[in-house]
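Asks: Start from chain E and add chain D according to the hints.
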Amino acid sequence: MDANTIAWLILLLPLASAAVILIGTRRAAGVSALISTGSVIVTFVLSLVLLAVPADATAQPLSWLNLGEGLTINIGLLFDDLARGMMIIVTGIGMLVHLFSLGYMKDDDGKARYFAGLSLFMFSMTGIVLADNFVMMFLFWELVGVSSYILIGHWYNKDSAADAAKKAFLVNRIGDFGFMIGILLVWVLTGSIYFDEIAKAVGGVENAGLLNAAVLLVFCGAVGKSAQLPLHVWLPDAMEGPTPVSALIHAATMVAAGVYMLARVSFLLVEAEGAAHAIALVGGLTAFVAALMATQQNDIKRVLAYSTLSQLGYMIMAQGIHHGSEAGMFHLYTHAWFKALLFLGSGAVIYACHHEQDIWKMGGLRTRMPKTFWTFAIGTAALIAVPGTSGFFSKEAILEAAWHDESGFAKVAWALGIAVAFLTPFYMVRLFVVAFLGKPRTDHAEHAKEVGAIMWVPLAVLAAMSLLSPVLMGPLKASGHVAFHLFTPTGLLSLAGLVVGAFFGWKLYTGRDSDPISIPLFANRFYLDDIYQGIVRVFQDFVGLTLDAIDRYAIQPLTTRGPALGALGLGYIFRAFQTGNVQAYAFLFGLGAVIMLWLLVF
Amino acid sequence: MDSGLTLNHFLAISGALFAIGFAGVLIRRNIIVIFMCLELMLSAANLTLVAFSRFNTTEAGLPDYNGQVLLFFIITVAAAEVAVGLAIIVALFRARQTIDVTQIVSMKN
Chain E
1 MDANTIAWLI
11 LLLPLASAAV
21 ILIGTRRAAG
31 VSALISTGSV
41 IVTFVLSLVL
51 LAVPADATAQ
61 PLSWLNLGEG
71 LTINIGLLFD
81 DLARGMMIIV
91 TGIGMLVHLF
101 SLGYMKDDDG
111 KARYFAGLSL
121 FMFSMTGIVL
131 ADNFVMMFLF
141 WELVGVSSYI
151 LIGHWYNKDS
161 AADAAKKAFL
171 VNRIGDFGFM
181 IGILLVWVLT
191 GSIYFDEIAK
201 AVGGVENAGL
211 LNAAVLLVFC
221 GAVGKSAQLP
231 LHVWLPDAME
241 GPTPVSALIH
251 AATMVAAGVY
261 MLARVSFLLV
271 EAEGAAHAIA
281 LVGGLTAFVA
291 ALMATQQNDI
301 KRVLAYSTLS
311 QLGYMIMAQG
321 IHHGSEAGMF
331 HLYTHAWFKA
341 LLFLGSGAVI
351 YACHHEQDIW
361 KMGGLRTRMP
371 KTFWTFAIGT
381 AALIAVPGTS
391 GFFSKEAILE
401 AAWHDESGFA
411 KVAWALGIAV
421 AFLTPFYMVR
431 LFVVAFLGKP
441 RTDHAEHAKE
451 VGAIMWVPLA
461 VLAAMSLLSP
471 VLMGPLKASG
481 HVAFHLFTPT
491 GLLSLAGLVV
501 GAFFGWKLYT
511 GRDSDPISIP
521 LFANRFYLDD
531 IYQGIVRVFQ
541 DFVGLTLDAI
551 DRYAIQPLTT
561 RGPALGALGL
571 GYIFRAFQTG
581 NVQAYAFLFG
591 LGAVIMLWLL
601 VF
Chain D
1 MDSGLTLNHF
11 LAISGALFAI
21 GFAGVLIRRN
31 IIVIFMCLEL
41 MLSAANLTLV
51 AFSRFNTTEA
61 GLPDYNGQVL
71 LFFIITVAAA
81 EVAVGLAIIV
91 ALFRARQTID
101 VTQIVSMKN
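Protein sequences appear in the order of chains E and D.
According to my numbering, the first sequence is numbered sequentially starting from 1.
According to my numbering, the second sequence is numbered sequentially starting from 1.
Keep in mind that the hints were calculated from the coordinates and are not lab data.
We put the beta carbon where it would ideally sit given N, CA and C, even for glycine.
Keep in mind that a hint or two might mislead.
[Said to hold, decoys possible] Pair by pair, the computed Cβ-Cβ distance ranges are:
#, chain 1, residue 1, chain 2, residue 2, range
1, D, L92, E, W598, 31 to 37 Å
2, E, T560, D, A19, 34 to 40 Å
3, E, I573, D, T58, 51 to 57 Å
4, D, D64, E, A593, 23 to 29 Å
5, D, Y65, E, G592, 30 to 36 Å
6, D, N56, E, A593, 23 to 29 Å
7, E, Q583, D, L86, 16 to 22 Å
8, D, N8, E, W598, 17 to 23 Å
9, D, Q97, E, I573, 42 to 48 Å
10, D, T58, E, V601, 34 to 40 Å
11, D, D64, E, I573, 46 to 52 Å
12, D, I74, E, G592, 18 to 24 Å
13, D, A45, E, W598, 15 to 21 Å
14, D, L62, E, I573, 53 to 59 Å
So that you can see chain E by itself, here it is in the shape it has in the complex (with noise of 0.2 Å):
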C-alpha cells in the first residue's frame, strides 16, 4: 500500500464501521462492538505504518466544492510529522478505550449505539488531525462536536446528561462561531485557506491589527474545543457521559483539538504577535483558575475534568509563548497518555464501587484493586511531574520556554504556570490520598474487587506509556525535545511546588473523614456557571419578552387580531339591514333604483 491508500484508510475506516454499525449490525450489539474495535486496531496499525512513509509523501485530495475565482476546496490529507505524531496519540489512546469500554460497557442497552458514536468520534477527530486546509478542519470541527454531542448525553435518559450534551454543544458553537468568522478573516488577507499556501502569504500581511484579529478569533475556536476561559463551563458537566468517553473525548483528542489547531497554525501566532499574548494569558489563566476549582471538588471524576482543564491551560498557554508551540504539543503527547490513564483508572473505580463518584465514600482501595492503584499512583505522578515522569519533561519544557520568552506577557504566564505547579501535587495527593488510602468509608468501597483484564490490561499499557513516552518520542514522531532543567530557577521552583503541595496534601487529608478544608468560592467553581446562567436567564426573558410585546402588539393587531375584530364589527353593522322582513328588503331595493336613477339623470 502507498501512502495515499493507508491516509485515505485511516480516514474512512472508522466511518464505515460507524455507518455499518448503525445500518447493519444495530441489534447485535456485540458484533458491533467488535466491528467498532476491529476498525479502531486496523487504523492504529495503519497509522504506526504511516510513520514508515517517505517524508515527502502526499496523498490524492477530493475535490469538494469549486467556488470560482480560484477557490477550490478539497478534502485534502496532509500527514506531516505534526499530524502522524498525533494520529498515534489519537488512534493509540483511542484503541485502549474501544477496549477498557469492551469491558466497562459490557452490560449497557445502547452497547451498540455507543459504539458507533466512539466510531464516529474517532472519524471525526481524525479529519480534524489530516486536514490540510481550514475550511475542512472547519468541518470535522463540527463532526466533532456532534459525536461529542451524541458521546456525552449517552445515558440520555438522565436529565444531567442531557443537560450537559446540550451544553457542551451550544457552548461549543460560540467559540465555533469565532472560529468560522476567523477562517474567513485569513481568506481575506491571505487570499487562501490552505495551510501551506497561508504560511507563505501570511509574511507579505500589511494589516497587522485585522491579522491580529483573525488569528483571535480562530483562537475562539481553540477556547470552545480546548475548555479555555471563559469557555471552559462545558468539560466538568461533560464527565456526566461514560467514563471511557470522558477519558478519550476530555482527556486525549476533542480537548486537544484545539492545542493541535493552534499548533498547525503556528506560523500564524508568529507573526500576529499581540494575539499570542493573549493566548498565552488565557491560557496561563485557565490553568491557574481550573486549578483553584479542582482543589475543592469531590467527585474524582471532576477533580480530573479540573485537572484537564487546568493543563490544558498549559498546552494553550505554550503556544501563545514564542518558539513554546512545540512544548506545548509534547505536554499534549504525555497528558494524553498519563490522563487517559487517570480517568480509565477513576472508571474502572468507579465500575468496583458500583457507580460511586464521590471520594468521600471511596477510601482503602490499596489493598482492594492493587492493580488499580499502582496505575493510577504512575498516572498521578506523571500529572503532578515527578521528575523522570513524562508530565516533568513536558512541563518543564514549557515552564522553560516562558521563562525565556522575553515578553512581560510570557513573564505573568510563567508566574502563572508556577502557582500552577504548587496546587497540581496538592489536589492530585488529596484525591489520592482520600480514594485509595486510609479505610474504606462505605459498603461500596469495602467490597470492591478487581476490574478484569479487559479494563487493566490498557490501564497497564497506559501506565507503561506515561513513564516512557519520553523515550519513544523519536520513533513515534512527537514534537518537543527531552531535556533535563532540574537547576534553572524554574525547575528548582517547580520542584518546591512538588515537595510543598503534596506535603500539605498528605498531612490534611491523611486518615481524614471529611474535608478539613471549605472554601466556597472554589467548591462552586467561582459561582461562573452560576453566572452564566443568570446571564443566559436574564437575556432569554428579555428576548422572550421583547417578542412577546412584538406579537402582542404588532403582529396581532395587524394580522390576526385586527382582520378578526373589523370582520366582526362589519358584520354587526350589516346584520341591521338583514332584518328577515321581505318589505324592508322591498324598501331598500327601491330606495337604490331611485339613488341610482337620480345618479343616472342629474
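Replies: Here is chain D on its own, set in the frame of chain E:
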C-alpha cells in the same frame, strides 16, 4: 288632442299609480293586497308605454307602435305571473295558515 290632455298628464297619473302601488307593497301586510299592488305598478308602467306610443308620432303621422307591442307582451307575462303568484300564495296559506307577511319569517336568523 282636442281634449287638451298632454303627455305630462298621463305621466303624472302613471307616476301616482306607481307610487301608490309601491307604497302598498311596502306597508301592507296582507300578501294578496301586496300582490294587487304589484299589479298596480305594472299597470302604471303599461300606461306610460301607451302614453308614449300615442304622443310619439312617426313621420307618417301614425303612433309609434313599438310601445304598444311591448305593452301586450307585458300583459301576457303579467297574466302568467298572476297565475303562478296566486298558486304560490295558496300553497303558502296551506302550509302556514296565514297570509300575513310579518308572520312569514322562517328565513330570519
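Asks: What hints, given by number in increasing order, does this structure fail?
Replies: 2, 9 and 10
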